[in-house]
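Peer 1: One letter stands for each residue in the lines below.
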Amino acid sequence: DAGVTQSPTHLIKTRGQHVTLRCSPISGHKSVSWYQQVLGQGPQFIFQYYEKEERGRGNFPDRFSARQFPNYSSELNVNALLLGDSALYLCASSLTGGPNYGYTFGSGTRLTVV
Amino acid sequence: GENVEQHPSTLSVQEGDSAVIKCTYSDSASNYFPWYKQELGKGPQLIIDIRSNVGEKKDQRIAVTLNKTAKHFSLHITETQPEDSAVYFCANGGGGNKLTFGTGTQLKVEL
Numbered sequence: 001d002a003g004v005t006q007s008p009t010h011l012i013k014t015r016g017q018h019v020t021l022r023c024s025p026i027s028g029h030k031s032v033s034w035y036q037q038v039l040g041q042g043p044q045f046i047f048q049y050y051e052k053e054e055r056g057r058g059n060f061p062d063r064f065s066a067r068q069f070p071n072y073s074s075e076l077n078v079n080a081l082l083l084g085d086s087a088l089y090l091c092a093s094s095l096t097g098g099p100n101y102g103y104t105f106g107s108g109t110r111l112t113v114v
Numbered sequence: 115g116e117n118v119e120q121h122p123s124t125l126s127v128q129e130g131d132s133a134v135i136k137c138t139y140s141d142s143a144s145n146y147f148p149w150y151k152q153e154l155g156k157g158p159q160l161i162i163d164i165r166s167n168v169g170e171k172k173d174q175r176i177a178v179t180l181n182k183t184a185k186h187f188s189l190h191i192t193e194t195q196p197e198d199s200a201v202y203f204c205a206n207g208g209g210g211n212k213l214t215f216g217t218g219t220q221l222k223v224e225l
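The listed protein sequences correspond, in order, to chains X and L.
Residue 1 is where the first sequence starts when you use our numbering, and the numbers rise one by one after that.
Residue 115 is where the second sequence starts when you use our numbering, and the numbers rise one by one after that.
What the hints contain is simulated information worked out from the structure, not anything from laboratory work.
The beta-carbon is built from N, C-alpha and C at its ideal position, and this holds for glycine as well.
Accuracy of the hints is not assured; some may be wrong.
As the list claims (entries may be wrong) - Here are some of the chain X residues that sit facing chain L, going by a computed Cβ distance under 10 Å:
#1 Val4
#2 Ser33
#3 Gly40
#4 Tyr50
#5 Phe64
#6 Leu88
#7 Gly108
As the list claims (entries may be wrong) - The calculated lysine-lysine pairs, modelled on DSS-like cross-linking and capped at a C-alpha distance of 30 Å, are:
#8 L:Lys171 x X:Lys52
#9 X:Lys30 x L:Lys151
#10 X:Lys30 x L:Lys156
#11 L:Lys151 x X:Lys13
#12 X:Lys30 x L:Lys171
#13 X:Lys52 x X:Lys13
#14 L:Lys156 x X:Lys13
#15 L:Lys171 x X:Lys13
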C-alpha cells in the first residue's frame, strides 16, 4: 500500500511568489492535516481538513490557504512568500477527523524562499 | 496558551544503555500523548502513544509514562541500538483537530 505522498519533494521560490504543495493521503483516509516544520523545531499545525471541509486552522496568516478534493487529496497554497516561510511542509493522513488515533506523515516538501 | 517543553535537546548514550526524554505540557484538556521519531530527510513516524486513562505503556524496548497530575510524560528506550539515533518529538492532543509538538531531542547512540 502506498503511504502518504507529497509533491514536490524540494523547491526553491523567490520572495513574493506563490507556491502550491500537494498531498495524497493513504487510501481510505479521509482527513489531511498540514504542518510547518522550521529547521530545528517541532512541526506546527497549519490546517486540518476532513471530508473536504476545513475543521481547524492554526496561527498562520491568511497568505496560507488549503483545500481538499473529492478524492481526499489536498493542496496547500502560500501567497506572497517571505523568507520566513522556508521550512519543511508536512502532510499528515488520518482515518478520522482528528490526530488521536494516529497520524501518518509524508516525507514532506522542503521549501526554500530566496 | 498551549505549550510543550521537551528535554534534553540533545542526548548521547552508549549502545546498550537506556535513554530517557521528558516532556511537560500546559493544556489541561490534553488526553492523547504520542511520540514520533524523525530520521534525516523523512517525516515523523509514530513510535508509541498513550491516552490519559493509562499511566504507562510498553512496546518491546520502548515505554512511555504519563503523570497527568504533574502534566508530564516521558519516553524510555532500553538497550539502545545505533538505529535508534534520530530526532524524537513528544506531542499532545486535546481531542481536537491538532497536535502540539515539543522542540525535539537529538538522540545519538554511540558504538
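Peer 1: Can the restraint linking Lys171 (chain L) and Lys52 (chain X) be considered satisfied, given a maximum Cα separation of 30 Å?
Peer 2: violated (35 Å)
Peer 1: Is it true that the CA of Lys171 (chain L) sits at most 30 Å from the CA of Lys13 (chain X)?
Peer 2: violated (44 Å)
Peer 1: Is the hinted pair Lys30 (chain X) and Lys151 (chain L) satisfied, with a Cα-Cα distance of at most 30 Å?
Peer 2: With a Cα-Cα distance of about 24 Å, the restraint between Lys30 (chain X) and Lys151 (chain L) holds, given a limit of 30 Å.
Peer 1: Would the stated hint for Ser33 (chain X) survive a check requiring a Cβ distance to chain L of less than 10 Å?
Peer 2: OK, holds: Ser33 (chain X) within 10 Å of chain L, min 7 Å.
Peer 1: Would the hint on Leu88 (chain X) stand, with a C-beta cut-off of 10 Å toward chain L?
Peer 2: Hint holds; Leu88 (chain X) Cβ to chain L Cβ min 8 Å, cut 10 Å.
Peer 1: Given Tyr50 (chain X) as an interface hint, is the shortest Cβ-Cβ distance to chain L below 10 Å?
Peer 2: Check passed: Cβ of Tyr50 (chain X) comes within 8 Å of chain L, closer than 10 Å.
Peer 1: May I ask you to test the interface hint for Gly40 (chain X) with respect to chain L, counting a Cβ-Cβ separation under 10 Å as satisfied?
Peer 2: Gly40 (chain X) check passes; min Cβ-Cβ to chain L is 8 Å, inside 10 Å.
Peer 1: If you draw a straight line from the CA of Lys52 (chain X) to the CA of Lys13 (chain X), is it 30 Å or shorter?
Peer 2: holds (28 Å)
Peer 1: Quick one, is the Gly108 (chain X) hint okay against chain L at 10 Å, beta carbons?
Peer 2: Holds, because the Cβ-Cβ distance from Gly108 (chain X) to chain L comes to roughly 5 Å (cut-off 10 Å).
Peer 1: Between Lys156 (chain L) and Lys13 (chain X), does the CA-CA distance stay at or below 30 Å?
Peer 2: holds (21 Å)
Peer 1: Taking 30 Å as the top limit, are the C-alpha atoms of Lys30 (chain X) and Lys156 (chain L) close enough?
Peer 2: holds (22 Å)
Peer 1: Between Lys30 (chain X) and Lys171 (chain L), is the straight-line Cα distance small enough, at 30 Å or below?
Peer 2: Cα-Cα ~28 Å, so holds.
Checked against the numbered hints given earlier, this structure breaks hints 5, 8, 15; the rest are met.
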